[in-house]
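S.K.: With chain A's structure known, arrange chain B on it following the hints.
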Amino acid sequence: MRGLKLPLNQTQRIRLQRAFEKLQTLSAKANSDASVTVADSIQVNYDDAFLKGHGTTDLNGELVATVCGVVERVNKLVYVRGLRARYKPEVGDIVVGRIVEVAQKRWRLEINFTQDAVLMLSSMNMPDGIQRRRTALDELNMRSIFEENDVVCAEVRNFQHDGSLQLQARSQKYGKLEKGQLLMIDPYLVKKSKQHFHHLEQFGVDLILGRNGFIWVGEHVEVRDSMMIDQANSAEQSAVPEEKSPAYTSLEMRQHICRIANAIRVLSTLGFIMDADLIMQTVELSSSLNINIHDMLGSEFHVLVAEREAERRSLMSKRKR
Amino acid sequence: MPAKTVVFTNVRKFDGDKFRWISSGEYIQMSGRAGRRGIDARGICILMVDERMEPATAKMMLKGNADSLNSAFHLSYNMLLNQLRCEDADPESMLRNSFYQFQADRAIPDLEKQIKALEEERDSMIIEEEDSLKNYYNLIQQYKSLKNDARDIMFSPKYCLPYMKSGRPVCIKCIDDENSPSFTIEDPVTWGVLMDFHRVKSVLEEDANRRPEDGSYTLDILTRCVVSKDGVGKKKIKIVPLKEPGEPIVVSVPLSQVTSLSSARLNIPKDLLPLEARQNALKKLVEFISRYANGMPLEAEEMNIQSKSYKKAVGRLEALENQFEKHEIAKSPLVEQKLKVLNRKEELTAKIKSIKKTMRSSTALAFKDELKARKRVLRRLGYITSDDVVELKGKVACEISSADELTLTELMFSGVLKDVKPEEIVSLLSCFVWQEKIHDAAKPREELELLFTQLQDTAWRIAKVQLECKVQIDVESFVSSFRPDIMEAVYAWAKGSKFYEIMEITQVFEGSLIRAIRRLEEVLQQLISAAKSIGETELESKFEEAVSKIKRDIVFAASLYL
Chain A
1 MRGLKLPLNQ
11 TQRIRLQRAF
21 EKLQTLSAKA
31 NSDASVTVAD
41 SIQVNYDDAF
51 LKGHGTTDLN
61 GELVATVCGV
71 VERVNKLVYV
81 RGLRARYKPE
91 VGDIVVGRIV
101 EVAQKRWRLE
111 INFTQDAVLM
121 LSSMNMPDGI
131 QRRRTALDEL
141 NMRSIFEEND
151 VVCAEVRNFQ
161 HDGSLQLQAR
171 SQKYGKLEKG
181 QLLMIDPYLV
191 KKSKQHFHHL
201 EQFGVDLILG
211 RNGFIWVGEH
221 VEVRDSMMID
231 QANSAEQSAV
241 PEEKSPAYTS
251 LEMRQHICRI
261 ANAIRVLSTL
271 GFIMDADLIM
281 QTVELSSSLN
291 INIHDMLGSE
301 FHVLVAEREA
311 ERRSLMSKRK
321 R
Chain B
1 MPAKTVVFTN
11 VRKFDGDKFR
21 WISSGEYIQM
31 SGRAGRRGID
41 ARGICILMVD
51 ERMEPATAKM
61 MLKGNADSLN
71 SAFHLSYNML
81 LNQLRCEDAD
91 PESMLRNSFY
101 QFQADRAIPD
111 LEKQIKALEE
121 ERDSMIIEEE
131 DSLKNYYNLI
141 QQYKSLKNDA
151 RDIMFSPKYC
161 LPYMKSGRPV
171 CIKCIDDENS
181 PSFTIEDPVT
191 WGVLMDFHRV
201 KSVLEEDANR
211 RPEDGSYTLD
221 ILTRCVVSKD
231 GVGKKKIKIV
241 PLKEPGEPIV
251 VSVPLSQVTS
261 LSSARLNIPK
271 DLLPLEARQN
281 ALKKLVEFIS
291 RYANGMPLEA
301 EEMNIQSKSY
311 KKAVGRLEAL
321 ENQFEKHEIA
331 KSPLVEQKLK
341 VLNRKEELTA
351 KIKSIKKTMR
361 SSTALAFKDE
371 LKARKRVLRR
381 LGYITSDDVV
391 ELKGKVACEI
401 SSADELTLTE
411 LMFSGVLKDV
421 KPEEIVSLLS
431 CFVWQEKIHD
441 AAKPREELEL
451 LFTQLQDTAW
461 RIAKVQLECK
471 VQIDVESFVS
481 SFRPDIMEAV
491 YAWAKGSKFY
501 EIMEITQVFE
511 GSLIRAIRRL
521 EEVLQQLISA
531 AKSIGETELE
541 SKFEEAVSKI
551 KRDIVFAASL
561 YL
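Residue numbers (the UniProt record's numbering), protein chains in the order written: chain A, 1 to 321; chain B, 1 to 562.
No lab work stands behind these hints, which were simulated from the structure alone. One should not assume that every hint holds.
[Said to hold, decoys possible] Computed, partial: chain B to chain A, Cβ under 7 Å: (1) E87; (2) K418; (3) I534.
[What the hints assert, rightly or not] Derived list of chain A stretches under chain B, where covered just means 3 residues or more per stretch with a C-beta under 8 Å from a C-beta of chain B: (4) 36-50; (5) 91-98; (6) 104-116; (7) 194-203.
[Unchecked claim] In silico BS3-like cross-links for lysine-lysine, where the CA-CA straight-line distance does not exceed 27 Å: (8) B:K395 x A:K76; (9) B:K18 x B:K59; (10) B:K372 x A:K191; (11) B:K551 x B:K498; (12) B:K18 x A:K192; (13) A:K88 x B:K498.
Because the structure is a prediction, the values reported are computed rather than measured. Even for Gly, the Cβ is constructed at its ideal location relative to N, Cα and C.
The shape of chain A in the complex, shown without the other chains:
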């Protein structure tokens, strides 16, 4: 049960155990002998040319794993997919991070990588939406855009030659995140998918599943495309004073946010790989059973979610067959 720290009574313990056993039997068929720990040798055909990827090394003519994980093979490439590691960025990933430093023309962000990521002033859209060179004045005003401890969403741009990571925020949907909760879970629990920005319309909530395991749940902000602003009459904009959104968030909204956040917390404690669908299903389960938000983190709901997930996966594997 992977060291779950939940106060369980006898029945709950048995139910949870059963659910996990079910999950295990379902996943066991995939590749059970592929998991390795550090210094385990990996079976390969040495006569044939093979490529050794991440997490492997050559030790006295034998291929051994350097991390705990699962051996993956793509054609002749052998690599080990590590478990529970820090986030390993890939170009194009969406990440959520927290500003730790405002430096020369750049911000440094904590994104659960081995080093801080860099967001250059030049690689983000200015708030006014105009494309121009960044002047010294812009540099002085950097704190008006992001301050320390702000939560920011951005995209991985590239790796520099020295291994440092550059981010970019070249669209209106990236940028500062406000009025919401930041959750930090293990990066491997976030499933890589086509979309990581989700607008949950029934709640009016934005859900951003950062690939680095930082998940943002917050009030929905209307994204305005910079192209649209260009087309719209600028005079019209200045004439109508911007409608100040209320400085507080309504109670209902806060409840929605908390419910979603707790659903994510539950899934994370149980170690289920999540995407927006699974999170929504968990949220619906909790509201359909009339479970209070603060009760969601109790043992009973954990057990329910685990049972539900085991059922779902067995259904899916049946459908595949």
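M.R.: Below, chain B alone, put in the same frame as chain A:
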């Protein structure tokens, strides 16, 4: 390099053939460099003219239009993968906003207008008894195509080569490019004397191992021609009937232009250089023709043709000939003109059809089908998942943009690059960057040849997958687009040879070779980052070694004047 002033030292330039005036597009491009942005209010352009120049030429050059700008946009797998791995990038919206799509959309009203005009023209043509005329017209078309079929069988090299002897009179078609096709059953023909025949050397070198029957041939035929010179100084030779005035000349004629062979042979002197000899030869030919009006053609039986389809074609030809005689319209006057009008009408209909087709394809999103097919390929090869999420292989292919990304990625993942030396890697990669075709290039040595076959196998497999996924691709030409011609030279360069030494190995131009090696280095840099992304450090260092081996001396000098 910004410049205040541009000076033309000459108004003509050599285009590989002759010195011609600079075109207006070139003039605009070159003079457009004058004036530095933000510094000069205006740029100065000096044109040095040291010869007479007609005002019209000058006007065309200085006031002419710029070269038209047409989108040459095409999809590539690399572009697609890079789009897919970003969250908000959507290949379809990119295509929709492309300049290509813009141009296609803009052309639509023009096409519509064209269709309207053509349709009006077509409807204004009124022909009496159109139905029966059309019937007759179709009959003629059918007859012609059948006759062609029969001729093709008879004159397939397999049957007719044994009869290609010098001195044999041959009947050839007179082809006029200016006139519209004739509508009689008989084509205008003339006679000539066969002198020699050659095989056409085709572009592909594999033809060398084909059997002699399969190649195409040209014949050298002595006949009467009219030679006219046009303004450019190029000679234009037109074959005319024997009775018309003209010079006797030996011309080369494709085998397809021959309609029949004579069974007789004339005695023609070998040396045809003097004009007299040629005139005499033609005289003999005229005499022969006047004696035997049909020139004693070789019959199919004589040529020993036993093809079933030939007999069938001949049988149908006879049947058709009967129909012609029965057809009432054939006897009506002015049938020739009427047929011409009808032909024009048919042409217009075909044209309208083709324009409508292009219109239909441009109203739909450009490349939509291709995009789908290409995504299918990527899924099939495991570059992206079914939810369009880029996988490891896709990540590698993302890095490679200067060479064929799929083939190179597959090659890398199949471990081919793993156990070969850096020089051999460089040599193998040269196939990716070299596009020119060299005839009779020396074959690379054995170990390089082996690598090249591996490359070809991979390319073959990828091309097959693409074809299965309905990407428009020619497997043969895709595989043969990887040229082994400079493998040996690049291998020697990586081994440390001097540049003049490798120039002796191949007959390619210095500039092309330098360009190829520079591109090779670019590909290697991309491969380094690709190897980095999969964490294969050994391969990475091997590529780095390869880069250091080729990046030296004159090939990578920034300028020849330094």
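S.K.: Could you tell me which of the numbered hints above are not met by this structure, giving the numbers in increasing order?
M.R.: 6, 12 and 13
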